[in-house]
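Asks: Fit chain to chain and form the complex, with the hints in mind.
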Amino acid sequence: DSGVTQTPKHLITATGQRVTLRCSPRSGDLSVYWYQQSLDQGLQFLIQYYNGEERAKGNILERFSAQQFPDLHSELNLSSLELGDSALYFCASSARGLSNQPQHFGDGTRLSIL
Amino acid sequence: SQKIEQNSEALNIQEGKTATLTCNYTNYSPAYLQWYRQDPGRGPVFLLLIRENEKEKRKERLKVTFDTTLKQSLFHITASQPADSATYLCALASGTYKYIFGTGTRLKVLA
Chain A
1 DSGVTQTPKH LITATGQRVT LRCSPRSGDL SVYWYQQSLD QGLQFLIQYY NGEERAKGNI
61 LERFSAQQFP DLHSELNLSS LELGDSALYF CASSARGLSN QPQHFGDGTR LSIL
Chain B
1001 SQKIEQNSEA LNIQEGKTAT LTCNYTNYSP AYLQWYRQDP GRGPVFLLLI RENEKEKRKE
1061 RLKVTFDTTL KQSLFHITAS QPADSATYLC ALASGTYKYI FGTGTRLKVL A
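Listed in order, the protein sequences are those of chains A and B.
Here the first sequence stands for residues 1 to 114, numbered as in the numbering used here.
Here the second sequence stands for residues 1001 to 1111, numbered as in the numbering used here.
Watch out, some of these pointers could steer you wrong.
[To be verified] Example chain A residues on the side facing chain B (calculated, C-beta under 7 angstroms, incomplete):
no., residue
1, Ser38
2, Gly42
3, Leu43
4, Asn51
5, Gly106
Calculated from the structure, these hints are not laboratory results.
C-beta: ideal position from N, C-alpha, C; glycine also.
In isolation and in its complexed conformation, chain B is listed as follows (with noise of 0.2 angstroms):
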């Protein structure tokens, strides 16, 4: 079956540093990834969207790469703030129309 794959567990790094989220999948070739952003009580926000001929993809401190050999996407934030503690979700194209999400990551910036 398909599955996505997050860590589970809390990345905790200081302020100023690069952080780097992981998501990996099997079963899968998407043609699309998205990143969201869900800050608690609240509903996830957009943040960038990938296609699978794309290697890499920036807005402004956000990077995402998609290693469609590793299956793998890599969702780095630059220069981190406090203000970027969230958890951050990776979701999948399942065919034309939907979207299967990872459980997310949970990042907390240390000031």
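With the rest of the complex left out, here is chain A (with noise of 0.2 angstroms):
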């Protein structure tokens, strides 16, 4: 068990329609990151936060979009969704959020778009 919690696992939706996904990090982890992982694509990195702020952005769309709460869960809301959104997203923490550092990974939420 990571220690990362992510809900739902599961999301089944339609086109053009918004979802959000929730992650809560490692006990004692303040850096969260998000990826999307589909068939053809490997692990892409989205974006990360440290303590509620943001720190990195990687291939994230600007239908997608994220945040940290002070409590240190995050969510990423994914909207206007398109066929091509379905993949798995995994949130994963790290400590201090530092490319030294491992990363914790939940075990994803798949999003299926009909």
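Replies: Following this line, the structure appears as structure tokens:
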């Protein structure tokens, strides 16, 4: 058990809709990362937060947004959903968000767009 | 652009043998490299981190090498077991804060 909790585990919705994915980091970790994993793309970095502030941004679409709250949990919002957004979305946490520290991953949210 | 390559084909080996997985990169000078294990339907699990000034790192049956001249990391599992069957991802530090992940190599250890 990594200590990172993601909800929901599965989400099925339609094109054009909006969803929110939630992540609770491992106890004591201040940094949260979001990744998208699809079969043909591998694990793609979306965005990183540290102690409530955005720290690094990857290939995150403008339709996607995220935030980290004072209690350190994070939410990823996906809007105007398209078929191509179907993927596994992972959250990871690390102690201080530095690249010399391991990341601890949750088991993901599987998003299916119909 | 930055690029990481791992063998996209699955690697099948016999139980008890040493499995060797390769991670090659271009247009990088990463200070750190990590290896993760991922089982189907689960999140990646951290295995090892190696720094650019370390040639080799070991943990139990696992060994990682990091050759910054060849721009390559090798990941070895000795005395492999069927329970080692999984996808293994390498990840390179891209700057101070984030990592770029390879697409992974699927390993199957045959009993």
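Asks: Hints first: check each against the structure and report whether it holds.
Replies: Here is what the structure says about each hint:
1. Ser38: Violated, because the Cβ-Cβ distance from A:Ser38 to chain B comes to roughly 11 angstroms (cut-off 7 angstroms).
2. Gly42: holds (4 angstroms)
3. Leu43: Given a least distance of 4 angstroms, the restraint on A:Leu43 holds.
4. Asn51: violated (13 angstroms)
5. Gly106: Since chain B brings a Cβ to about 5 angstroms from A:Gly106, closer than 7 angstroms, the hint holds.
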